[in-house]
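Visitor: Could you fit the two chains together into a complex? Lean on the hints.
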Amino acid sequence: MKDPAYSIHDANEAVASVAYRLSETIAIYPITPSSPMAEHCDEWSNAGKRNLWQIVPEVSQMQSEGGVAGAIHGSLQAGTLSTTFTASQGLLLMIPNLYKIAGELTPFCLHVTARSLATHALSIFGDHSDVMACRQTGFALLASNSVQEAQDLAAIAHAATLKSRIPFLHFFDGFRTSHEINTYKLLTDSDLRDLIPLDAVNSFRSRGLTPDAPVLRGTAQNPDVFFQAREASNPYYDELPGIVEDTMEVFHRITGRSYQLFDYVGDPDAERVLILMGSGAETAEETSAWLNKQGEKTGVLKVRLFRPFSVKRFLQALPSTVQRIAVLDRTKEPGAIGEPLYQDILSALAEGRSDPDATAPHDPIVVGGRYGLGSKEFTPAMVKAVFDNLAAERPKNHFTVGIEDDVTHLSIPVGETLDIEPSDAIRAVFLGLGSDGTVGANKNSIKIIGSETDDYAQAYFVYDSKKSGAMTVSHLRFGPQPIRAPYLISNAGFVGCHQFSFIDRFDVLSHAGEGAVFLLNSPHGPDQIWDRLPRETQTAIFEKNIQFYVIDAYKVAREANMGNRINTIMQTCFFAISGVLPREEAILKIKSAIEKTYGKKGRPIVEKNFEAVDRSLANLYEVEIPSTGTTSVRELLPPVPSEAPDFVQRVTGVMLAGKGDLLPVSAFPPDGTWPTSTSRWEKRGIAPAIPIWDADLCIQCGKCSLVCPHAAIRAKIYPESEKDSLPSSFRSTAYRSKEVEDFLFTIQTAPEDCTGCNLCVTVCPAKDRKNPGRKAINMTPLESVIDEERENYKVFLDLPDPDTTMLKLDTKSSQLRKPLFEYSGACAGCGETPYIKLLTQLMGDRLVIANATGCSSIYGGNLPTTPYTVDANGRGPAWANSLFEDNAEFGYGIRFGIDKKADMAREFLGMLGGTLGDDRVRMLLTSPQTNDLEIRAQRERVVDLKRALIDLPDPRATALRGLADFLVKKSVWCIGGDGWAYDIGFGGLDHVLASGKNINILVLDTEVYSNTGGQASKSTPIGAVAKFTAGGKERGKKDLGLIAMSYGHIYVASVALGAKDKQTLEALAEADAYEGPSLIIAYSHCVAHGYNLNFGMDQQRKAVQSGYWPLFRYDPSKAQTGENPLQLDSGAPRIPLREYTENEVRFRMLFQSNPDRAKALHKTAEENLLRRIENYTRLAENGTQL
Amino acid sequence: MSIDLKTTYLGLPLKHPLIMGASPLVDQLSTVRELEEVGAAAIVMHSLFEEQIIAGVEGAEAHIHSHEDAFGEATSYFTSSADYALGADIYLDRIAEIKEAVSIPVIGSLNGRTPSGWTDFAADIESAGADALELNLYFQPSESETSPDELEAEAAGIVESVCNKISIPVAVKISPFFTSVPHFVRRLEKAGAKAVVLFNRFYQPDIDIENLETCPTLRLSNSDELLLRLRWLAILRDRFSLNLSCSGGVHTAEDAIKAIMAGADTVQLVSTILRNGPLRLTTMLREMTRWLEEYEYKTIDDARGSMSYRKTPNPEAIERANYLKILQSWKP
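These protein sequence lines map, in sequence, to chains E and G.
Numbering of the first sequence is given in the working numbering, commencing with residue 38 and proceeding in unit increments.
Numbering of the second sequence is given in the working numbering, commencing with residue 802 and proceeding in unit increments.
Take the hints with a grain of salt, since some may be wrong.
[To be verified] Simulated DEER-style distance windows between Cβ atoms:
| id | chain 1 | residue 1 | chain 2 | residue 2 | range |
| --- | --- | --- | --- | --- | --- |
| 1 | G | P814 | E | T634 | 37 to 43 Å |
| 2 | G | L1013 | E | T156 | 40 to 46 Å |
| 3 | G | D894 | E | D226 | 23 to 29 Å |
| 4 | E | E659 | G | S917 | 55 to 61 Å |
| 5 | G | D1007 | E | T634 | 34 to 40 Å |
| 6 | G | D1007 | E | S1154 | 56 to 62 Å |
| 7 | G | D1007 | E | G1168 | 22 to 28 Å |
No wet-lab data here; the hints were simulated from the structure.
On a predicted model such as this, the values are computed, not experimentally measured, just so you know.
C-beta: ideal position from N, C-alpha, C; glycine also.
So that you can see chain G by itself, here it is in the shape it has in the complex (with noise of 0.2 Å):
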């Protein structure tokens, strides 16, 4: 018997929840052609870090354009293209590109500064052929002045203005650092966002004590994290009939059910298929079906939110009871 894994995310009809999440995987097109075969329902794009292009023409203007028009014989060093290729062109193409080399939907993926640009690169990004839009809500305070509700008000104020200039369905990706997390969903649904991604994971500089330097880690997620994203799904699953999106720690056809069962209507994989390659992908789906076939669910539908705060037989697991009684157990 064959399980219906259909599922609609952002308003787009996808065939199963299991989406290829941001990373630098999708800005190979080939690899993009492989994971559409592999059977990734959905792509999301890397980030368009308006930072990084800010940076990018800066650093161009520093260490590219500043040798041009000073010597007769070199009055550049670089072909023209330079320009092109640091600046946000090439994303907004790669988009073009890769829509017309799959028939998945593609959700771009935007990380802004400055109020214009988020809402400036959304709408590129629309006119780009994005089927959606993923806002990467990242930030770090560091003023000691900015108050939380403050901070939040801006980020729910960007994400009502990307809404109200683009028409392609918005999703937004938080930190879990918030005081409540429920609250802030509130207000990104009422500023018009159509799902949130649950969480985007913080980067976190090293020390090297021998040289006195901060270093920059990455270190892909594991099945860990999951757990801080099953629980925040359970309780957000009831409260909000908005799209949840699972990102950070599925590594397993397990994980994914878990992420599935909390509530979340796609799962973002990253972490495993950089680690796996794109095959990861089919694997985990073939594996997924089985265990949904085994246990008899019709429907995806049927398993999606069967363990959230509300349906699942212990709530008290998923709040503070469950806190206490884990201390409490603790023996050193």
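The shape of chain E in the complex, shown without the other chains (with noise of 0.2 Å):
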């Protein structure tokens, strides 16, 4: 057993521990990597626990980062210890108020996982883009590079801004140390009573606002004072190096581990210098002292306090006998002399040779190169290469390291993978699926590991940007030195693949070391799985000579009724073969896991679990390599198939194989415009099942394609004369319509792109009244089906859309219509993306979407594949996402700049009448576009117009031309979530609707923050519970429908597609007919409210007929007619609200755990339901008027 001083967390807790225990009042917002942080602090505060001072801190949540620096502002104000935590926009967000906390001298402690800047695209990942953007605020920013040290430092903040009256922004990388997973010895409250300093506490304490003492802070100053006042501060910022120091000695003196302001590393005579911030100095200092091992003089000056910048100190700190330096950066300053690091290195030692009193002082050559952006990896063969660099005659300057610059040619090689790592480490890797519990199982072993060994243990994981079927990719260290090696594993002993599909797609081998372990979960036994590897595959068990083992764990799950859950099995295969424990001693632990974990639970789950475990052990087999050699003819399949367009094969493709990193930079585009129509050519095949129609049960609703999250069923109707052709496996009826004759129908299901989410088969009308048990869609497994039904899938696809302007707008019609969104990589049984489907269904040819940040920007814009396509034409939505915040804004301006074109073509188009002619000029200004026969009519006109400009001299006429499409009807929609439209964008989002303009506003509503993982927003309801409002959700939610009418000129619609799909669907034509702004609010149920999905819809018709999710629509163009433009959907409530909220976790969660505050809350809500209802039914009866 461990030394319990030790823990094993990541950086996101680590630092929240010390954070909430310093801190009275936290507030708190989402953002990617640092939203654990203010989960734990919410969490915490929630069951009681408390600080420092014996006080339980107060958790706020606000409506955005720039709200919470206002209100952290304002506590601080107020005199209260105060934290946050945030990242890259967030930050972004908060920057005016850092200024102001700054120059108000306030005690404060910002933390910070550093992510990058959204610019040419998004990224989640980390590199110090956003901390760089603060460097001028007056925060003193501290980094950290390790789980250990972003714990330690975090203390050492709070101790010396409170010392120092200096705000700090202590930072550390987002994903590779926040959400490593690391051995650290924890700071106990007893140290940090040692460290912190009560009188400076005091002092603070007794600064705040009060009435009883009253002064005033905030004061506008003329020119005749504020640059000497601004001066004023100058003593502080002179006094916080030396009170950073003192801080780190002090708790060097209680914790034994020592922090410098400059640490320098290496060899004390070293003539290449490397100086850098961030978990990369732990990858450089290991690498350096592996090269000195080699007989190099090498070292590595880590930079913790980066401001104020001590040049005394640096210059103290940089070994005499240094030539040569690089200054690596982790982000990007285009247009600079160098990043900012490289800068003040520059500077610093500029000063150092201007001081008059500098007796020798230091003149190397110093070089800046850039690392690491978005989380690239940064690797020793990496630090190798920087350190080569600065070894040749000249050196590279304003480099790049770990990717291939083939356009500006700046940088710089890296040979082969360096194995630095000692000799006693276990490495270990394993693929798996996000649904099989891979990464939850792995977890659980480090803690095994981590807590019961004396070992220590390290863990990172790596996710892909699909939230339904994602590969997870784990990565593990073990052994009896303490883990300093944030990249990932390269030669690891042991390789395990969760998933057998993996074998034919990615070469899984590609992470072994020699002699490695390979366990492969395979439906295939020891004696048949030979002859099924890829060739790839067997010449690498030869090649690195691997030690192969087979378990089918999927059979064992079944056997061990455990379903799908495959993770207690690969675990234990794991212990049991990789060595890194005794066998029985690792198989006890992992039983004893088990008891700690469903031992409350009864023992009949443990049995369950310890069933598995010793099935597990029963049918895990080493596989004999033959002796033939490699004998395999299966290649690794293609990752796109060989008819893709060129760039999907040459960029898309190497995306989707895992081989990005390869990629170089001329492969991209530098604007970061991407194709759409991609996610067509990737074929995930991840469900295990999949609807197949029955044909005569069939009623033709369509509400299966309707409700398909991922458009992978469909309908579609074709003319009988396209039977011949059909082949006799593909499944067709007579369509059963009043409005043409002699068509075939069939319902078809894409069975690679399904998720097998099976809202389809739930929400199918159809049963079969002798088996009610058989509906017109049936689940049937994949593998049975598959061949057949890619053939089918092919046919179908291939077969003609019908005309749409014959279609009417109806549900059954309404599917189909192609659409023009699919294969997204949402969840399976996502509620956002049908809503998006059917929008795209509708009017997705003349469609511009301007997507908020989170959930549906994600699933609709993360690389490598898109799923916007395109109709037969080649027309489709045109998406752009801006920022989270300002999304209306940015669709409003995209409107803006479309109605200009428009207008624009108009006045050419009247200019040149007198050439065009009359009745063609007049017939393109003022012809109706209402409808889809209206639009294809113009379109036409278009076609004609452009064909008669083509031979006009008249520059007008080249004008014309290119915007003539724009003469064409465009729908602008901006879409996002409630996160967006309730809380960060809320304003910009009234402003837009209170402007008038003819713009779309689709509020895809899951009542919390989905994309972080499910945070309170404002709409989420009374009584549910989500992150950030552990104990219940204390009030209800914002009523955003209401507060749009009140306008009295904005079409507000709620729709629940679940309950009344036709609804939805006219409420979606009328926001686009309207010439005005558009509001409608739409039920997204989410896996965030705790439920199988598949009955999602169920739910949808449940929260209506409770009240809970009144529909309606608000028409403002009625009251011209005297109508009331209020029309309520749905009827009064005909269940009671418990009806629906028993059914998810979320609400139910709080009945579980504090049923008083749960009732109590339940009957405000039923109360305010009802008071809802009435309000709306007296509206829609009586006022015209709100």
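Guide: Printed below as a string of structure tokens:
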């Protein structure tokens, strides 16, 4: 058993623990990768955990990071110890207040998981772009490089800010440190008590605003005094480095761990020195030590206190022998002489040389380089490359390392993988699916080893960008020495492949080192598996001398009644064959962990897991490697089919194969513009079972297709004449319609794009009355139908799409239109995507989408592939994402621009009327465009116009040709979640709605911040438990619809597809048709609600029937004809609210954990609900004005 | 004159025989306090259903944990207390909270599924502080290969292993669907049960012929259901020394008096409290007391079992003769 002074968590938890214990007020807002710190604090506060002064800190969520900064500024002014956590765009939103807080010399510590800023693209991953945008705010900037340091320097920052009165921005690398689990020595309350200066705490508190001793802060100052007053704080900054040093010294006395403002490590007589901050410094230090063992003279200077920058201490820390320095920045400042740290180092050296008192000033050659942007790997080989560059006769300056820049040729060459890790360290890599529990099991293994043995442990997890069927790669290290290797494992001693399908798609043994153990979850036994392996894998097994084991984990899971959860099984096998612990001991520890996890849940669950462990061992087989050498003729499957376009082959395909790191700079569009229609090339085949249609039972309602989140089950009609060309396996039946005759109808599943969510089957109303368990679509194991259905789907896609002008606007017909949003990476069963898909079916060919950051921007725009696609004419949604907070304004701007283009086109048309002919111009300017038929006619007119313009020499004609397409109506939609619409973007949303502009807003309301993991928003209903409201939401959700209706000129609709699809359909069409702002609030079920999402549409129905989610439409144009603009589309509540809420964990949790409070909140919810319905009913019956 | 209503049930001294039966009302601490205030002599917790715990854990696995650790921005979607909320911990914590909140006896209730589930949860409930434990023996035999004797033996075995494992007294709540209720009660007594509770109410789902679905139904009891209890209370009273508790169909003071006269030591109230609120208990207690006083009973024990099979002036009415008489007197 390990010394209890050690713990094993990620830096987010380690830092949050310190910040929480040293704070009284904590304002929070979710942003990746810092959200877990805020979540921990909220949970601890809710659980009554006390801080260092035996007080429970108050945690409060704000509407944005801007709001957090304001709230923190205020709570600091009130004299309470405050903290918060953020990253990236969130930090940018705080900047104005950072200046204020620093300008007022306010002790405060802000913890930042350093993350990229959105430029050509968003990246949730780590670099220092955000922090570097704050270096001029007056905050002290303190960098941590590891989990241990993040905890320690967090405490030092809290202490030093109190002593110095200068606020601190303490940062560590997003994901690489924030999410790395590592062994670290805990800071106890006693440690913190010894560190924190109580007198400084008291004097801070005494400076708080109070009318009992009134003062005034935040004056406005004129030219006579502002400058001097600004300089008045100088002594505080002058003293700060000394204060930090003193604090570090006190910390050293308390804990034995020593830190300096600039920590130099390496050869004391080093000639080449690398200077950097963050987790990369760990890699640099380890690599430098390794190089020095090979006889080189290198060193690494780790900058901890970046602001204020102590030139004196920097020069003292640098070895006098240094001749060449490489400064590495994890950020990019286009157009600057160099990146910030590089510039500061140059300035510091120059100052040193200018100092008349300096005896032997440093005068090395200094080069700067960029590394690790957006969490790009930074490995020992790259560190060596940087040292090698320094050793070159003419070291390259302004270089990049870790990528291949074949455009501006700034990158330096990196050699082969450099393995510098100690020989006693065990390295293991696991490939799994998000849903198979691989990561969870690895977290468990890490806990077992990290807490129950003397070994140190480290874990880091890599996720892909899909929310369903996502691949996870776990990197685990164990060993007797502390593990300082913040980079992915390359020479693993153990590789576990938990999904057999990976073997054909990825080079799974690329992670394996010489003599590695390879464990494969395989339906093929030890005697059959060899012939089933692709060539590459067989070759790797020989070349790397690999020991190979197989287990059929899914079979074992089934036999042990574990369903599809193979986590325990694969974990057991890992412990059994990896040698990380003696086998028997390891199994005992797994069982003891199972006991701990499930003990309270009852013996059967424990025993079921025990059985899984025992069965795992019994079903684990070593594979005898044949002496014949590589025999397989199977090649790895190409990531995209050969008919895919060139760009998809060259770029997308490489990314899909997991080799995006190898793509050179030239492969990429320099402005972030990417093609749409690429998700169709990615055939993932992730559904264990898919829906198969029974034509005889089908009533052709189209609901299965309507609710499908991935456009993976589709309906089509086509002339009967096509029948002869259809293969016999292709199912079809006569189309039932009053409008058209002689058409056939087919429902077809895209077998490799379906996620198997079951939503379609649940929603299918057609039951076999003789056998009600059977419906018109039934889930069928993928394996048994894949080949046939793959062909059927191809045939289906090749059939012509119907002429949309002949389709009515009803649910059934809507599903005969081609969806221009398909196969996204959204969660299986997603409640948001059916709305987007429907929108594209109705108006995708003239749709422009401004998408707020969030789930819909991730499944809509996260590479490698994008789900928006085009129709047969090449038209489809144009899509862009600006930020989280500004999406309404962004969409407004797009509308603004498109309107202007249309205006200009009309103006030019008027000017050229004489030449083009009055009739033509009149028709182009005045023809209605209210339906598909009219729009098609206008498009034809535009084609005719362009043709007429070709030969006109008038420059206005040239201009008009470029603008002519804007004479066809465009529909601009702002799409986003409730986090955007209710919280961070509400101000902009309100302004845009108020503007009267013809803009449409679709709020995909999941009632939480889904993308960041389910934090509460102002849409979260009363009584629901969500992150940031761990004790159950105290207040009801904002009535966004009512607020919008109060303007009187806004089209507003509240819709729920699962309750009344026709109303949703009409609302989308009406919003588009309305010549003014429209707001549609769409109920979207979500994994964050906690139930089986194949009941998502049932829950939508219950939400409406209970009155929880009233359906209505407010159409201001009705008022012009004397009608009441408000129409209620759902009746009085028919079922108790509880019948809706009891099915969802978010509500049930509070009933379980705090029934009294749950009951009280539920009662209020019922009262609110009735009041709201009464109010709406009254308005719908009586008032034309609100 | 005041009447002595003191009752001993499961070795616990109660101030009177009216106790709050297993129901969701005890989920709320405030209601539990209210129940004590209105005079409940003891409280039976709602059942800890092992099946529900397992379903909760499996549901959490399927619908909460399977979404975890799959996407970098959202490695979870719920606070870490979700597991706690879905497990048995809350139930056990609740017993402790209720014990803390009230001074009347608290009787745990358990419906197990597996042998170890019964014994382990029973021990947990004991450790949580329950004064006694009611085992809710509810099973729905659907296998044609299992004989009644096997089922009874299994049930008695469960009771025995629970009684061996814990030291608080155990009551067993049974269904009326045994070929020989007295024989089965004998087995239970031998297994260590200190009381039997007559009877649990079977869950009987309905069919929706329109939508072709089986629909769960929940109907509160009415006084008609008391008659079945009275019959078996009267029969069992004279044959056993273990405690008898009447559960189901007691809605009025009269109902309660009947149950006691038939031989019940305690009377469990649920439906009437759910329908009318906790104050109903006060009313019933007052009316029962008034009635007993009116008829000059000195203690409740004087009334208890006074209409049992052996003591009733017309025992044949309980037996077969009555059956024949009623049938023969029936006219269309």
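Visitor: Taking the CB of D1007(G) and the CB of S1154(E), does the distance hold inside 56 to 62 Å?
Guide: violated (47 Å)
Visitor: Do the Cβ positions of P814(G) and T634(E) conform to the proposed distance bound of 37 to 43 Å?
Guide: holds (41 Å)
Visitor: Verify the CB-CB distance for D1007(G) and G1168(E) against the hinted window 22 to 28 Å.
Guide: Check passed, 24 Å falls within 22 to 28 Å.
Visitor: Taking 34 to 40 Å as the hint, is the beta-carbon distance of D1007(G) and T634(E) inside that range?
Guide: Holds - the Cβ-Cβ distance for D1007(G) and T634(E), about 39 Å, lies within 34 to 40 Å.
Visitor: D894(G) and D226(E), beta-carbon distance inside 23 to 29 Å?
Guide: holds (26 Å)
Visitor: L1013(G) and T156(E), beta-carbon distance inside 40 to 46 Å?
Guide: Given range 40 to 46 Å: violated, Cβ gap about 57 Å.
Visitor: Could you tell me whether the CB distance from E659(E) to S917(G) stays inside 55 to 61 Å?
Guide: With a Cβ separation near 35 Å, E659(E) and S917(G) fall outside 55 to 61 Å, so the hint is violated.
Figure legend: structure checked against the earlier numbered hints; hints not met, in rising order: 2, 4 and 6.
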